[in-house]
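Protein sequences, first through last, are from chains A and B.
Mapping to our numbering: the first sequence position 336 is 340, numbers consecutive.
Mapping to our numbering: the second sequence position 213 is 220, numbers consecutive.
The reader is advised that the hints may include incorrect statements.
Computed cross-link-like contacts, EDC-like style, restricted to lysine to aspartate or glutamate with a CA-CA straight-line distance of at most 20 angstroms [what the hints assert, rightly or not]:
{"no.": "1", "chain 1": "A", "residue 1": "K54", "chain 2": "B", "residue 2": "D68"}
{"no.": "2", "chain 1": "A", "residue 1": "K54", "chain 2": "B", "residue 2": "E241"}
{"no.": "3", "chain 1": "A", "residue 1": "K56", "chain 2": "B", "residue 2": "E241"}
No lab work stands behind these hints, which were simulated from the structure alone.
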Amino acid sequence: MSFLEPLYLLLAGAAAVPLLLHLLRRRISLRVEFPAARYILRAERENSRKLKLRNFLLMFLRILAVLFIALAAARPVGRLIGSGHAPTAIAIVLDNSLSTSTIIDGAPLFRRLRAAALAAARHATPSDRIWLVTADGRVVGGSSSSVADAIQRLEPIAGAGDLPRAVTRAIGLVRAAGLTGRHVAVATDGQATSWRRTTSTPDVGVSVFVPAGNPPANHAVIVADARPTRWTPRGSVVARTLGADSATYRIAIGGSGSAARTLARGTAVADGEILVRAAPAERGWVAGSVELEPDELRGDDVRYFAAWIGAAPSVTVDPSLGTFVRTATDALVQSDRLRLGPDAAIVSADALTRLPALIVAPSDPVRIGAANRALERLGIPWRFGAARHETGTARESASGSLKLVDGATVSMRFPLTAQGEPTADTLARVGAEPWIVAGDRYVIIASPLDPSATDFPVRAGFLPWLAEAASQRLAGDAGIVLSATPGTRLRAPAGIQGVDDATGQPVPITNGEIVAPDRAGVYFMRRGSNKSGAVVVNGEPEESSLARLSPAALRARFDGRDVILTTDGERWASDAYTGSARRPLSTPILILAALVLLAEALIARGSGERSNRGTVKAAA
Amino acid sequence: MESSRAVRADLFDPASLASLGHVEIVARWVVDGFLNGLHRSPKKGFSVEFAEYRAYQPGDDLRFIDWKIAARSKKWVVKQFEEETNLRATIILDVSRSMAWSSAPAVLSKQRYAEQLVAALSLLLIRQRDAVGFIRYDDKLRTIIPPKARTKQWRRILHALEEDGAGLASIAPEALMQAARLIRRPGMVVLISDLLVEPAAVAEAVKMLRAVGHDVTVLHIMDPAERDLSLGGEAVFADPESGLEVTATVADVRAAYRTTVEEAIAEWRSTLQSTGAGYEVFTTDEPFGVPLRKAFAARQRLP
Chain A
5 MSFLEPLYLL LAGAAAVPLL LHLLRRRISL RVEFPAARYI LRAERENSRK
55 LKLRNFLLMF LRILAVLFIA LAAARPVGRL IGSGHAPTAI AIVLDNSLST
105 STIIDGAPLF RRLRAAALAA ARHATPSDRI WLVTADGRVV GGSSSSVADA
155 IQRLEPIAGA GDLPRAVTRA IGLVRAAGLT GRHVAVATDG QATSWRRTTS
205 TPDVGVSVFV PAGNPPANHA VIVADARPTR WTPRGSVVAR TLGADSATYR
255 IAIGGSGSAA RTLARGTAVA DGEILVRAAP AERGWVAGSV ELEPDELRGD
305 DVRYFAAWIG AAPSVTVDPS LGTFVRTATD ALVQSDRLRL GPDAAIVSAD
355 ALTRLPALIV APSDPVRIGA ANRALERLGI PWRFGAARHE TGTARESASG
405 SLKLVDGATV SMRFPLTAQG EPTADTLARV GAEPWIVAGD RYVIIASPLD
455 PSATDFPVRA GFLPWLAEAA SQRLAGDAGI VLSATPGTRL RAPAGIQGVD
505 DATGQPVPIT NGEIVAPDRA GVYFMRRGSN KSGAVVVNGE PEESSLARLS
555 PAALRARFDG RDVILTTDGE RWASDAYTGS ARRPLSTPIL ILAALVLLAE
605 ALIARGSGER SNRGTVKAAA
Chain B
8 MESSRAVRAD LFDPASLASL GHVEIVARWV VDGFLNGLHR SPKKGFSVEF
58 AEYRAYQPGD DLRFIDWKIA ARSKKWVVKQ FEEETNLRAT IILDVSRSMA
108 WSSAPAVLSK QRYAEQLVAA LSLLLIRQRD AVGFIRYDDK LRTIIPPKAR
158 TKQWRRILHA LEEDGAGLAS IAPEALMQAA RLIRRPGMVV LISDLLVEPA
208 AVAEAVKMLR AVGHDVTVLH IMDPAERDLS LGGEAVFADP ESGLEVTATV
258 ADVRAAYRTT VEEAIAEWRS TLQSTGAGYE VFTTDEPFGV PLRKAFAARQ
308 RLP
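Isolated chain B, as found in the complex (with noise of 0.2 angstroms):
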């Protein structure tokens, strides 16, 4: 068990293997070590293997009519195939300052742990011939990168990656509404923020895009700090982001903390599913497998 783990990426420890190379190098080795692990199915194939017949109908495509069958028997029938790659996503990132803070030189910020998480989700979309898109905000949007399913598509998604940041403000619906702009078609949107937002704004954006026929999944990406306080002593604490500042014995507010931590997670869960929208909640030392995953079955969700 140990064994078969320890040659899995997705499954490693994502600031060690974060250290190991080149976020195009590490996502490679999460997406193969992640499509290891998946099970075969028919539903979570991608290839284009024969699948039905059926009775030709007018205006079907002639060059799936199966001339065996026709001169043996006279009939027409039309080969059905798994659909092929047509699906189209886009990927949201949030680059604000908070994105950029970790709670401890050893674990990974949360803007790295997820433009790692960024690239490999691209990189296994492109894989199945998806058009993967890609949009960076922070106070304003500051990549936009259509869909496509090149895999030129993913090295300008890796551009962008390294491109500037660290907004004092997060603007997440208008990514959002961006976002619907890239897609026509229904697609999926897939948002990767701290959330250190309105709730109201952003499930109004979701709400939207759910309207139109858009899958949209939420990863909300916390420092394990973050998520119960595990600091100590007393200090001002300040939000680099929006400047605010709040005084604090670590020891006196901690349990409140956390559950509003949790009262927080639970109203983002509550909002964004009453839109239908999907809702995860990783923290920063949580292996990429795991939201890697979640996206996945989103994806697998779709036609």
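Chain A on its own, in the form it takes in the complex (with noise of 0.2 angstroms):
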């Protein structure tokens, strides 16, 4: 039993009211005349135990009508003994987040929780309706016994899932069937991460059960990335660890499991970032992982990336650009990071004759009038305007992550017109025109790449920027990577024709969605039979922090008057089934109070007897 408005209960204290009364009866102040007062006293002498058993009964019976008023007032809520429940609409939420596989006491959190959800389900009756509605928005109706097997099979996911949606969608679900009875039970693990929001149940029962114990320290992997995502074959993992301290990691790529081959190891630091770069022998869309040591929740151990490794593109370099560009592809092709051949071109505008291509402006003004018309022959939307002797700064877009070419000194340019709307991004900008962009197979500078026209070729970033245009503007579309959380709905690329897991079992493509699998890996898509890109599941950083919300905490996530928070599970169990059985009891209270002073007063007068207190007055 519990009390809507508790605080009535302080009413019991009136309780004390009878009982002083009761004590205090021989200082009664009214005198009144009575010749026959003999004949009173002689009763009472004749009478005194039964009237001493008499008066302790009806202050008892004063007392209990105190007890019961004050009882009723604070609107107890409880379940009749033998009362069964009244037909339920009741929808359990069990939370199957990623947090709640965490190892407490031996097992994972999460087996509790399906133990009580599961003993809850097993208390419905035919007239009941029941619903498990899960932290990643599954909902399972029907048969308490196919309720209990959706249970049963229920595993935790990848992800946080969305709980208070779960709740609301719970709620919904109750309130549409129909039935007076109706009642949400929560199976959670409170974790504050997963109760931000404050869901409204205005009119529904709910119960919450978190089981008791504190959340152990955890250790995670919370960021996982291949940049670029095209390695030609160099690449970087960057990776960032949660923890209180250090801890071990792996990087592996090419295959899940022991299949993996490992590419690094090392200690990250707590709370560390992790940067390894590497040149696999691998070719094509790879899977990689970053993992740490076991420990209680080992979901948040290993995180997913994606990368593309390919052989380092080749080139061939347009001699009239000059020695800075010569210079730069010697050495990048000594490091292996370019190669010498027909792949592309780094050209003078003026000389473009095929894609993909670097393309420079021109050294000579002269020129401009033939290199627009070469990029006009190729279909490229950009025209050089007249030369602008100004001095200007370059600064990279936005989007740009390595930022080579910020601070680069422009004095002079070719400025870019675009042709229509191109579909191009602006990688740098002087002022406010473009001044590099790029597209499908072409990079654009619209100054000379010579010191007398900018002090970009000389600078730090003129080497690494090249080599990156190289093997990612010109080597083709390798495709792209989708980063999702489980349950994520995501908008499936043009032509992408199938998504398959590490198994090649195939991920389900409806109405151009692709709706990303709860466990955590690396999907790829496929445009016919070739791999064109990876959609990567990890779970949500967060979810990583197991930190609780206190009880006072969790129970305002919920605004509604009817909200039971506990810690014990078959308890849960039972008032989640008789949630609905959980019913007012200030009625039969009141009826109770009624009754008690019925007697009271019966008692009181005797058999049938009649008093008449303005007699004593007027006698007085």
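Mind assembling these two chains? They're in different frames, but the hints should get you there.
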């Protein structure tokens, strides 16, 4: 039994009134003349034992009546003994977020939640309606056995899910059922990051089961990225760990589990960042992972990434571009980051004959016309303007992560003008005007790569920029990487015909949408038989923070009056099912109080006697 | 039925009746109403009607010899009549303080009720040519009027009713003994009291009266509230006469009180009847005719 207005229990203190009256009854000040007082005295003497018993009984009944009234005022709700429960619409919200897979006391916390949910489901009668709603938004309804089966099969997902949304959905289900008994039973670990929003539960009873115990300290990989996505074949893995102390990590690529090859091992400092550069021998789309030593929450000890790995692109270099380009190209070739070959060209715009190409503005303004004609001939929607001799500073676009161009001084340029609405990226600007743009298989730079026009060729960023441009922009479209959390709906890129998991099992694409699988990992997208990208599924980083809400804070997340928190799974299971049987008890208690008062009146007045208080006053 | 009752003052509500006039007038109404309601019978009559003849015995009063029969038959016979008034009655009234109490303004006090009763009863007896005496007492004998059958006697009794009383005790035994002294030959004694005294002493006095041949009738007057404790609440109940104080919750003791009162009445009845005395209980809300009839019935039992 619980109370909706517990402060009214203070009224129970009024029970002292009849007690005091009973004890102080001999201090009565009203004096009445009554010649036959001797008979009263005789009656009292002859019936003293009976009168004492009667007075005690009256006092007891009066105290009981006051207590009942106070109890009723406190608006108790509870289950009446033997009342069973009314037909109930009940939705069990089972938290299957990643954090529930934490091992506490030797077993995953989820098992306790699941066991309680199973117990709750098995209390159902055929007159009930029951649903299971999971943190990842799944809803299973039907008979108690089918819901129990669904609970039995349920496993934690790799992400956080959305518990407030699940509760809202559960409330909608029980409201729509049209039964008077409506209850939402929530089994959760009470993780603070899972309960950030408040849910309104105005007319639905809610019981929340949060197993007792403190969450363990947790290590987790909260970031794992391949940079860039396209390795030729060099690339780097950037990761970040969470934990109060250092942890050993392993970076693996090329498969799953033991089939994966270790790319690097090391020790990450507490809450530290890991950067590992590599040039793996694998080619094509590969899955990789950053792993920590297992701890109580295994699910966030691994985080996945995907990268495309290929050979260094081959380029031809236009000799007219000058010393700086040639020297930089030689250096990249010597370091195996470029090859000399026909795949792409680094060429002055006026000598452009094919794509892919890194197109450099001609050093002679006279050649601008030829350059623009070459651009037009190859369908490139950009044109060079008249030479502009004014000094400016190049700024990379916000999307540029390497910032290799930022700060370069530009003293002469041929402003680029878009023809129509080009589908191109502006990689850098000088002032407000595009300076370096990139499109399908081309990159255009609006100044000659010569110190008389810009100091970019002599800056430290030039060499990696040139390698990046050649490998990422000129080597063709290898595809894209979509990052998602479990259950996220993703729009499938154009032309994608299938998504496979690591074992080759297909992930359905419905109406052009991919639902990110519950299990973390790398899922490759296909165009025909070729891999053309990857969906990388990882849990939300905040799911690794296992801190729980206090009971009061968790209670405050439910904006309703009939909300009960418990750490007792069995009680929760019975309360959940008897939630509707937890009825307001005020009326039965008031009836009891009335019966007690009736008994008191009968005893006080004796058998059918009448009292007439006014007569005393008149006689007095 | 209703109409016949309506004209009989002895059946009126006593409080209403008492409010209509002085005790003298009210007593007359009551007695007239009472007499109208009586059935005629030899035993209940009070005339000097002829009853029978018997043979003359030496010593018989010569006035009662029937001379006509003597002339015709040469035999002396004497006329026998119903006895003329020769009863000597004494009415004893308790006027102690407890008698002055009433439970409500609309209810006659026991004393006022008893005074009406005394006036009516004495008038009734005097009309029958009985000699009526009157004694008032509280903690002492307040009034002593020897029995006489004159009409003026009733006036004396009415005057006596207006005298002081309300003493803090009730000496019923002494009053009874005084009555015995007033009536030399066997007669009738009527005690009207609320009997808030010890029964043993009263019973002893009654016993002595009975021993000398008096017929004793005790009319026990009670206020209705004294009979059933029809009060309410919690209070200190004080006896104005004895000073006794008892704290009680009426609802708590009412049932036990009623039982106790019934036991006390039964005790009085048993004690007095064992001595041969009559005993009747009345409450002050009963019409005067009821106790009057009981008292008159006692008189009719006498020769």
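Would the pair A:K54 and B:D68 pass a check requiring their Cα atoms to be no farther apart than 20 angstroms? At roughly 71 angstroms apart (the allowed maximum being 20 angstroms), B:D68 and A:K54 break the hint.
Starting from A:K56, check that the Cα of B:E241 is at most 20 angstroms away, please. Given that 20 angstroms is the threshold and the Cα spacing comes to 16 angstroms, the pair holds.
Would you mind confirming whether the straight-line C-alpha gap from A:K54 to B:E241 stays at or under 20 angstroms? holds, 18 angstroms
The earlier numbered hint that this structure contradicts is number 1, and it is the only one.
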